[in-house]
Structures are given as C-alpha cells and as structure tokens.
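Asker: Each chain, letter by letter, is given below.
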Amino acid sequence: MATINYIPERVSEQEARISLPSKLHEWLVTVDHKRLGLMYIATSLAFFCVAGSFAALMRAQLAFPNEKLVPPDVFNRLFTVHGTTMVFLVGMPFFAGLANYLVPLMIGARDMAFPRLNAFGYWMFLFGGILLYFSYIGGAGLAGHGTAPDVGWFAYSPLTERAFSRGTSTDYWILSIFVSGIGTTASAINVIATVLCMRCKGMTLPRMPLFVWLMMIVSAMVLMALPPLTAAQVMLLMDRYLGSHFFDTQAGGSAILWQHFFWIFGHPEVYILVLPGFACASEIIPVFSRKPIFGRAAMVGATVAIGFLSFGVWAHHMFSVGMGPVSNIFFAASTMFVGVPTGIKIFNWVATMYGGKIRFDTPMLFCIAFIVHFLLAGLTGIMLAVAPFDWQLTDSYFVVAHFHYTLLGGLMFTLFGAVYYWFPKATGRMLSETLGKWHFWLLLIGFHMTFDTLHFAGLLGMPRRIYTYAPGRGWATLNLVASIGVIVQAAAVACLIWNIVRSLRKGKPAGNDPWDAWTLEWATTSPPPEYNFAVLPEVRSSRPLWDLKHPEDPDWKYE
Amino acid sequence: MTSTIAIPESEWTLPDRGRVGVLCLIATEFALFTIFVVAYIFYIGKSLTGPTPRQVLDLPIWSTICLLSSSITAGRAESALKRNSIRTFQIWTAATILLGLEFLRQTAIEWIHLITVDHLTITTNLFGSTFYALVGLHASHVVIGLTLLTLVLVLSLRGAMYGQARRFELLTWYWHFVDAVWVVVFTVVYVIGR
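Residue numbers (our numbering), protein chains in the order written: chain A, 1060 to 1618; chain B, 83 to 276.
No lab work stands behind these hints, which were simulated from the structure alone.
For every residue, glycine included, the Cβ atom is placed at its ideal position computed from N, Cα and C.
Incorrect hints may have been included.
Estimated spans, in silico, between C-beta atoms of each pair [unchecked claim]:
(1) Phe1223(A) with Glu184(B): 40 to 48 Å
(2) Phe1367(A) with Thr229(B): 53 to 61 Å
(3) Val1594(A) with Arg240(B): 38 to 46 Å
(4) Ile173(B) with Lys1082(A): 35 to 43 Å
(5) Thr232(B) with Gly1570(A): 39 to 47 Å
(6) Leu130(B) with Leu1201(A): 26 to 34 Å
(7) Leu233(B) with Ile1196(A): 33 to 41 Å
Model the full assembly from the supplied sequences, consistent with the hints where possible.
Answerer: As structure tokens, this is what we get:
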C-alpha cells in the first residue's frame, strides 16, 4: 500500500514565464474548479470587507446618543446592503468556493461534474453582486438618483410595493439576488452531481469525508430553499411593473404572505449559511485532536435532520404578526426540536476533542471558539423560540446579537479557521502562526465586546434598525463598548489580510501535508496541479491517508 | 469490511452525472412551482372584484389532451432513438413539437378571449394576478421545452443525434415534468379553483 503515490511530478516550469495579460486571461476563461473556488473565496472576502465597513459606519453612528454622523436615509441603505451582502454575497459564495475547491480533491476526482456550469455560476454571482452595488450609482429612489435599496434585507411588503418604494432601488435588490441566486443554484446542482457521480474507486458514501457530506446536504437545501425567494421576488416584480396584486393589501393581497414566502426561504438559508461552518469544523477538529471524528454516522444523520427540520420552523420569525396560538405553539415546538440534532453535533465535536492530543494551532483555536459561540447562540435561540419571550424581544438588539452570534461567532470563526487550515494547500505556503494568533485573539475580544453587550442593549429595549437614540435610556455605555469592539475586530481582519499578503510572498513552504491530515486533498502537491492527482486514488476507509501512512495498522481493518 | 481485496473494476459504478443534474434541476423547479401554486390556492375567493373563475374559465380539455399525449410521443421518440431508427425518432419528435404548439395556441386563444371579452387582465383582481402568473409560468416552461425539442429535431436532421439517446432521455424527463406540472395546474386552477 505504502508505495502508491498520488503526487504528480514537478509541475511544468513554464508557468512562471507567462505574461500578466495572458495570466489574467487564463483566470477569466478558466473552468478549473480550484481557480473558480479561489475566485469565489477572494470575491466573497472582498464583499466581506465592504459590508464589514458598512457595519463599522453604523456602529460609529450608534456609538453615542444623538449622533449626526450618518443621516437616517443613508443608515437605512447601510443596514439593507450590509445584510444582503453578508448573506448572499459573502456567506453563500464562500460556501460555494470551499465546496468547489475541496469537494473534488476530497473525493479523488479531477474536476467538478460540470466545469462550464461552474464558471457560469461564478460569473452570475459576481454580476449579481455588482448589480447590488451599482445601485449606489444607477438606482433611483425617494432620495433621488444614486440610491441603494433601503427596505431591509427581508424587504417586507407592502413597503416594497410601488406606492411606497418609488424608483428603482428596490428593483436592484430584487434583481441582484435573483441573478446571484441562479449562480448559487447552478453551483448547488454541480456539487450534488459531483459528489454522487465523480467519486474515486472505493469512496463509498459512508466513507466520504464529513465535509463532503455536509456540502451535499447544503446543496440539496439550496435547491429547495432558494425557489420560494425567487418566486416571491418574481411576484413582487410583477406587482411593481405589471400591476398585479400579490402583496398589494388595498386589492385584497396579503403582506403576510410575503413574510411566509420569505422565511420559508430565510430559515433554511440560516442553516445553508452555517452548515458549511459545521463542515469545516468537522474536518479541522479531528485532525488537531489527533482522533477520528466521534460518531460519524450520527453527524451525518443530525445534519440531514437539521436539513429537514429547517423547512418546518420558518414562522418563528413571525410570532409577532398574530398567527394565532396553534401556529405559535407548532413553530415554537418545531424550533426547539432543532436544538436536538444541533446538540448532537456539539456533543460529538467535544467528544472528538475529549482524550485527544489537542494541538492548539490557529485553525483549532477558531474551531474551539466556534463551539462555544454556537452553543451560546443556540441557547439564546431557544429563548427566542418561546413565543411570549419573542413578543417581548423581537426586533430588538437581542435578536441582532443572537443572529450575529450564530453567523459571526459560528460561521465566521470556522471560515477563518478554514482559511488557516487550507491556505497551505491552495498556495503552497503556510500562514504565519504569530499573526494568526493575533488575528484570533483580537477577533475573539472584539467580537465579545460588540455582541455580548448588544444582548443587554436589546434586553433594555433598544430596537434594531434605529439610526440614533436619546440619552438617558441606559443604552449609551453598552453601545459605546460595542462600537469600540468593532475597531478591535477591524484590527483582527487587518491582521488576516496582512498575513495573507505577507505569506503569499514569504510564507514558510508548506509541503504536501503540513497538518498530518487524513483526507485526500493532502495526498497531492500544494497547490495541486490542474488534474489534481497523478493517478486517481483508490480508498478503502474514511481516512485514506492514515491507511497510507500506517500500513501496519490501517483503518479499513476496523470499518 | 473484512476482506483486504480491492474492489474489482466492474463493481464500481456511479450514477450518470447528466441524470443527477437534470433531477436536481427538476427538484428546484418543483419547489418554484409549489410556491406559485400555494399563492394561487391562498388567494382563491379573495378577489375584491370580479370576474370570478366560475364566470370566465372553461375546462381546457383539448389542450390538456394535446399536452398529455405529447408525453407519450416524446417517449416513443426516445425509444426510437435508443433503437437508432432516426427516421421514426424524427417523426415522433415532430409530433411532440406540434402537440406542444397546439397547446400553446389554445392557451393564446384562451388568454385573448379573457383579455378582450371578459376584461380579465393581470391588474383586474387577485384572480387575474395569480392566474396569469401560474399559467404563464407553466407556459413559459412549455416554450423552453419546445425550443429544446426543436433544437434536437434540427440536430437530428443534420445527422447529429445518432447515439445520443442518453442525452435525449434527459430532455424527455424535463418534458414529462412540464406535463406533470400541467396536471397540477389543471386541477388547482380549473377544478378546485372554479
């Protein structure tokens, strides 16, 4: 067994001599899954910085009572574009990028099932993203030309109807999400087809890495969850331009129907965003604990359960619209039920670390913080699932703090962990551990300064989406601390950017397998050649590289 | 696993990526139609003004027969292509296209009548909004299917469809899906909604 070598010979030397324009041209026309994956990740990181600076502006405005830094109409556009960007142009494409880069490598394939569809998906996403930001130049609204959407990321009707949202800014919101949604759907179809049809010999479904499993489940959820939003947006466009009455309350239409359609998309979307984070954690934690993952089958089962349950909980976003006791009880109960599979996952990650020889490298630090954050976010989630509690705190900063805990504390931390873990594979160089530790600790401190305090601001009654507040409400100190936390977080992200820029030039060479990991992507060179593997691998267990490194005690003896 | 023997070549078969891809596409289209159907059902009887479905809608029996039988002709074309009898394949594909066109013609006649005689447009009331949206969404899928079928027919006339039964099968799946959706639309709009 040990003689098998998937590592290709030296990649040709001529690559270094290609001129810059033809290099750019190569990236523009590429259908290679690794390049497209990197393009997805780089683009979403760029959008992350833009939308993050929007958040910083909002926090600057809210740092003191009665501030006049950002006018109210600009503030509305800031939180709308911030939310829309973070969900559709950061979270989803980052997942698409990771899946693109890693799924074929992990299952021992040479590319995705549909390489050209893959490129199509990326360019649609980029076009949708540019469309959203073009509204700052081309959009027209009440405030005149150059008006971005200002209806919030869930764009509740009837405020989006023509009578209340003049001009084109809302149309930019609709079309940019619509277009990037086509790209996301394409990439989801591609991931499913790749996982089912491109696995190397011996890579049976039970042996697939958890990352691949979770990406497939997320893709299936995308296929079911995006169409409700697309359909509702088409109806809204027809309302606005053809004069139909779907959400037009004056002609008998229902504004609540929009909320239902939006959240039938919106709640599965939350899991679509966070499951890729789970996927990364499920790869990183075992490697840095030097133990196989605890309860593989239970992890897959729990993910499938989350996938199904997430389609039955949407109306917990709507407790305050008056759905009646039966609906409230049903959706409160189903929401609490999601806590069961999520709890199984957290238990399994902790059980994986238990008794392991834990290495506290940067990727692992991010994952440990993720477990803590996600547990806390889950607890506030269960609090909000109690309908009477939700009536009290809905649309307050408590909710804002809760979902930022899941999406920043949960998703963002694992994604940064993933950057540190797979950067060596993608570039051939290690990221600096020192800068990585700075990044981690600054982000951790800044995150807690901002979002721990916002829970209390919410409990004290601070509503979300206000552009300023009067002094003497007891919110001022909390808001100031939260805003200072943003500066610390910005410093942390600066550490990451500096780390990437520096390490690309003079990072320590990584070698093929710097973490002594067990999945197939580490069996080829860093960065992998265009064809990925010299010979297509053949696997016999869920840890093929362990089998290669330990022929005396391979995994397949026990599976 | 107890044995150490590697899996023989023949035992490692994976699903066809085209089939998986088209099934995924159909799944996501299914979700899209579901929302439009839900919206239609939700708004049945909620229009503030007339006309109502009972006043203006007639059962589209003939166009339904055309569309459903086009599924059968598409299946015939598929099996002909599998046998490599290109001429038969072309005849059945042409029949499918004609039946689909007849369906679209009937829809056009119905819509013209609704608009000019009954004065029901998309702006008239909730029934008009949901009716034109749902039936129009389905009709647009018929148009996509017909475009693809015509493309296949042109390709086969140029001799490019020989041995492409696997790919044509995927197109027939899509066409069967469009027909199945019509069964739902027919039931919801013309039976339950009337």
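Asker: Run every hint past the structure and note whether it holds.
Answerer: Do the hints match the structure? See the list:
1. Phe1223(A) with Glu184(B): 40 to 48 Å: 44 Å, holds
2. Phe1367(A) with Thr229(B): 53 to 61 Å: Taking Cβ atoms as reference, Phe1367(A) and Thr229(B) lie about 36 Å apart, which means the hint is violated.
3. Val1594(A) with Arg240(B): 38 to 46 Å: 40 Å, holds
4. Ile173(B) with Lys1082(A): 35 to 43 Å: 52 Å, violated
5. Thr232(B) with Gly1570(A): 39 to 47 Å: 55 Å, violated
6. Leu130(B) with Leu1201(A): 26 to 34 Å: Holds - the Cβ-Cβ distance for Leu130(B) and Leu1201(A), about 28 Å, lies within 26 to 34 Å.
7. Leu233(B) with Ile1196(A): 33 to 41 Å: Hint holds: Cβ distance 39 Å, inside 33 to 41 Å.
Consistency with the previously given hints fails for numbers 2, 4 and 5, ordered from lowest to highest.
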